[in-house]
Amino acid sequence: MNYHIAFDSPWYLCLLLLLPALWVAGMKTLAGLGKTRRLVALVLRSVVLIALVLALAEAQLVRSTDRLTVIYLLDQSLSIPEAQRRAMIQFVNSSIARHRDAKREDRAGVIVFGREASVEVPPIDDEVPVPMSIESLIDRNHTDLSGAMKMALAMFPHDAAKRVVLVTDGNETLGDAQTQASALADAGVSIDVVPIQLEARGDVSIEKLALSSDVRRGQPFQLRVVLNHTTPAGDAAPPVKGRLKVTRHVGEIEEVVTEEAVTLEPGKKVYSLTQDIEDPGFYTYEARFVPDDVEADELSQNNRATAFTHIRGRGSVLLIEDWAPSEKGRFDHLVQRLRAEDLEVTMMASDRLFTNLSELQNYDTVVLANVPRSSGSDTSDVVQSFSDDQIKMLVANTQQLGSGLVMIGGPNSFGAGGWTGTELEKAMPVDFQIKNAKVEAVGALALIMHAGEMADGNYWQKVVARESIKALGPQDYCGLIHWNGNDEWLWNHPRGFGRVGEMRKIMLRRLDGMTPGDMPQFDGSMLMAAKAFQNLPDAAVKHMIIISDGDPTPPSPSTLALLRRVKVRVSTVAVGSHGMLGSNLMQQIASATGGKYYVVKQASALPKIYQREVRRLARPLIFEDKNGIKPFVKYPHEMIKGVADDIPPLTGFVMTTLKDNPLVEVALVSPKPPGEKNATILAGWTYGLGRAVALTTDAGQRWTTGWTGWANYDKLFSQIVRWSMRPVGDTGKFSVATDVVDGRGRVVITALDKEDEFLNFLDMAGSVVGPDMKPAGIEVRQVAPGRYIGQFDANAAGSYFVMVNPGPGHAPIRTGANVSYSAEFRAEETNAALLEQIAALAPHGGEAGKLLTAPAAGEPLDALLQMDPFRRDLPKSTASDDVWPLLLVFCSTVFFFDVLNRRVHLDPAWLAPYTAWVKEHVFGRAVEKKPDATMSRLRSRKAAVSDELAQRRASARFEPEADAAVADAPLAADAGATETQSAAPPPPRETLAAEKKEETYTERLLKAKKDATKRRQ
Amino acid sequence: MQTRIVSPAIVLLSLLCGCVPAGKGQFAPEAVWGKRGLSKGRLQKPRAMAIDAQDQLYIVDMTARIQVFSRTGEYLRGWRTPEWQNGKPSGLSFDHAGHLLVADTHYYRMLVYDRQGKMIEEKVIGGEMGHDPGQFGFVTDAVEDSHGNFYIAEYGEYDRIQKFSPQGEFILQWGGHGEEPGQFRRPQNLLVDDRDRIWVADACNHRIQVFDTQGHLEQLWGQPGSAPGQLFYPYDLTFDGKGHLYVCEFGNHRVQKFDLEGNSIACWGGEGRSPGQLFNPWALVCDSQGDIHVLDTNNHRVQRVRF
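Residue numbers (numbering that gives the first Met the number 0), protein chains in the order written: chain Z, 0 to 1016; chain Y, 0 to 306.
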């Protein structure tokens, strides 16, 4: 590393010209100091001036180094064959081993990417071989070159020159690589490119599965499957044989439409089928091609296509119930009564949930009947949970596709069901958290983290901690203990625990920097937590979750006893990082405190466990009164029409907080606890295109047992369900067709009235929900009589659900389109043009990168390895630090010495004793002891001054001549003479006179005091 | 009087010149070496260390590599334990024949190697998890007495020390999980003195216990804390041959020097990453010149100091 000084404001250096003037002036003004001190003063002043000028010029200490950091970006998307992806890794390992200069401490890092980028090896100055099967989890169905480059730019250390080596076929499906590459070049990053040559290959794909646009109930329609057999250019490829299977799904029913052997010559081939649909429903058709010879078909991902159609019928309800054995079947009575009310109800257990949005399209409303977000059996550690995606689907199904969403209460619903902080909470007319501090719904959760040794342990610990914090209410307490050299609370709250509402952001921020170490024993952290729990008297539920591999030393019996005394349940989560499945120790801790013990084989199960455990803290949200609560009508809502007057009492419900939104309509409220805002029993609102209902009590299970025998039970619940359902009563005839071409989806609607006349000038509007569950609007335009077209982006693979509202008086039209596979699987050759452009970008101050094509699969890498990514053709990396603050300090210090030099005359004689000591003790020389000259001089000087004073006083009183001789004695006499004089006694007359003078003064003071006293009296 | 005036002046001058007065770590390390990494000679969270008669340092890290270094940190050779997926060794020592005893913690056994890294399989003890004689929990350390008997410590559900004959036959055991004298909570390290007494770093009880060869408690001292004389997670012990015991304190990030009666003489270290500071050190050894080598685990390095 080299150092030099640079200046941000160099023109200030001109002030150094003042130096000669300073010297000239100093020679005159400092003449009185003597030669040496004047010289010292001039030097010090010069230094002060120089330091001041350098500070003004903003001096910088610049470090430059020829160290280099190279980050390899490896495209691991599926458009590149497996063999070539493996060859990439070989290349990287060999390239680093061959070219990295260890002496210069060059660093190498590896990023792999597909849809997202992930760091496989961070930039370090060591050889860390990339494993042949990469460890990062990435979606390989897409290629985002720009994301990978952006990540590399963020990772480069500042103290080295920077280069990326981009190994890819250049077929990006997301992002803008060209723009990002320019940003890298502007930032001084050199880009080498290694294009992967894609070989021409034989492939069969299903290009399209199309339904005709006039699908109507009971009328035959056409279904077309377009297959494409592509072959290497110029090759006379043999036909590919295989089986084409078309299936139809409605709800949970799947039936095979056709399955036949097909022979595909190169080129496209269309198969047509005639279909008819008798029953209403949302139908999904799927076509799949399976080749007889797998080798004849390069990509299997493009062998499948789906299409949707919808035939409207009577209302249909999906009721989801808890799968836990203790809960299953509790809503059978409700289902039976709804069916009796002519509603078609399908039941679904929460361990067999829907997996995509299309499965929900067969229903007009979804009822969550006392279903927790995560649930499991008490006798096993299997936990099933709604994933974030499934929750998003439920919400999108209501918000974008107009379905109803009803949440029926019970001890496992709303906030008590762990739904706090989820997207579902946003869709409901009530919030699941209690923001009123008067309601004592407070839980306290301690998290103890010791899973650093499991694979990706720190990542998962952050995930579960984040899930826990997210699921807690604002009044709840949360604390996290980890080992950071010692047992420590992660957020520095004096009590260890902090209220989530006040500290949520701080907690989440601290989590980002958390790196738990290897905790030697459980006792320290558990005791810390137990003591902290003692200081939370307002916490009604106290819970601790420990995640560990079980190798810390067990807690002491006294700690476990304290936890029991404070009523803390401890659940333990054993992660098998030491070859063991489970840990007796952790099982014992859980059983000793009444908690639950989990053994985790897959880290991905952890969030579900934490969601379930955190739910234990939500128990205070349940309000129960065995004497019964008679709800009162807040608003005569359609849902309680005709039943409002004789609603039987209930004994419990889940407390919520009413949303402060004018769209919310509250039908029933409980008079207890005080405060209507938290005592909603039944409320509904319109959410997006659909409706959502919150019934916070149950449907006859625990809290409303009196309702099951009530005459209006059926009416109440059927009205609730019907109010939430998607509107029916279609008066027109609409046929819909969808299509996706080149990343654009198209929906074509033909509108006829009952007399088959075109419906024109309808004010149609639509929306689409893509695979990412994000809604987008669709502009629908009329293009011909009765014909309307809307378009939307459909770049990503997956299902797109479209909802079109034809206007007043017409029920919404639903349809869907499917992009069966990513553009990734269409790419047939390398995007050489893009890669050449990227390689041609010269970094700021350096040369353009190299471009060297990778050899074909199976061929040696020797030629490619000639390219040296660690070559020195980039400017040295520099880093600078401001030194002006130091200069100012230095300047002040020197100035102090300058003043000291001018104002204080330092006599070097004080060094004499030290010199003597050093001579005697260090060099062993005998030193002659001399009387202390300094003290002698001080004494003689004192005596001389005393004599002088005496003489002056004496002369002022005109004493006889005899005393004048003493007064005439020289003041600066030699030491011996002074001693003699000072030893002589002072004239007695002078002493008496002084004493007399002082007595007179004292007397005067006393007299004045006495006079003052007399006057007061 | 002159001295009183001049001393502050000298300190002031020193400060102005950039010198810092000696603080807690009064003894600057003689050498600091080691760098984090996975290639030869690099260290990845090293956890145990032993020194042979030639002053060569044997270090095992979280990659289960046993690497041999010269006294000055020059890499000499290395090898890896046969299995490591379940966990890595956490204890090393030498027997009188110059064989390296490896506490293969998560495989419940003591491995034995010659100095070139060749395993001596006939001397391996254990390999089975359990609490019967000859079975183990998490093995922390293994040592040999002057008669060739082996003592192997373990923690987990049964914190104990088992004694084996030179042929590897079980002789006796003592200890048990707890805080009473003679019981242990993570006996992390063993050390045999010249009277064949077994010194035990009872880590989670924050104390030192000394036993005779039959497991009878002879001495016990130490209490938790960070003041001189107190201990916080003592993880390793070594003698300097001059009547001193050096204790590596994982929790206090320091090395403390005691006399053999448990009286604190000096401390060195403190939490940090600078030379002279430590971050969760796991081990220490004393070489033939009386220098202490400290395995600064979370700083991935070794520091050599004399104090």
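Everything labelled a hint here was simulated from the structure, so no lab data went into it. Computed from a predicted structure; not experimentally measured. A couple of the hints might just be wrong.
What the hints assert, rightly or not - With a straight-line cut-off of 30 Å between C-alpha atoms, the simulated DSBU-like cross-links for lysine-lysine are:
1) K39(Y) x K600(Z)
2) K44(Y) x K102(Z)
3) K425(Z) x K102(Z)
4) K39(Y) x K102(Z)
Non-conforming hints, listed in increasing numerical order: Per hint list: 1 and 3 violated.
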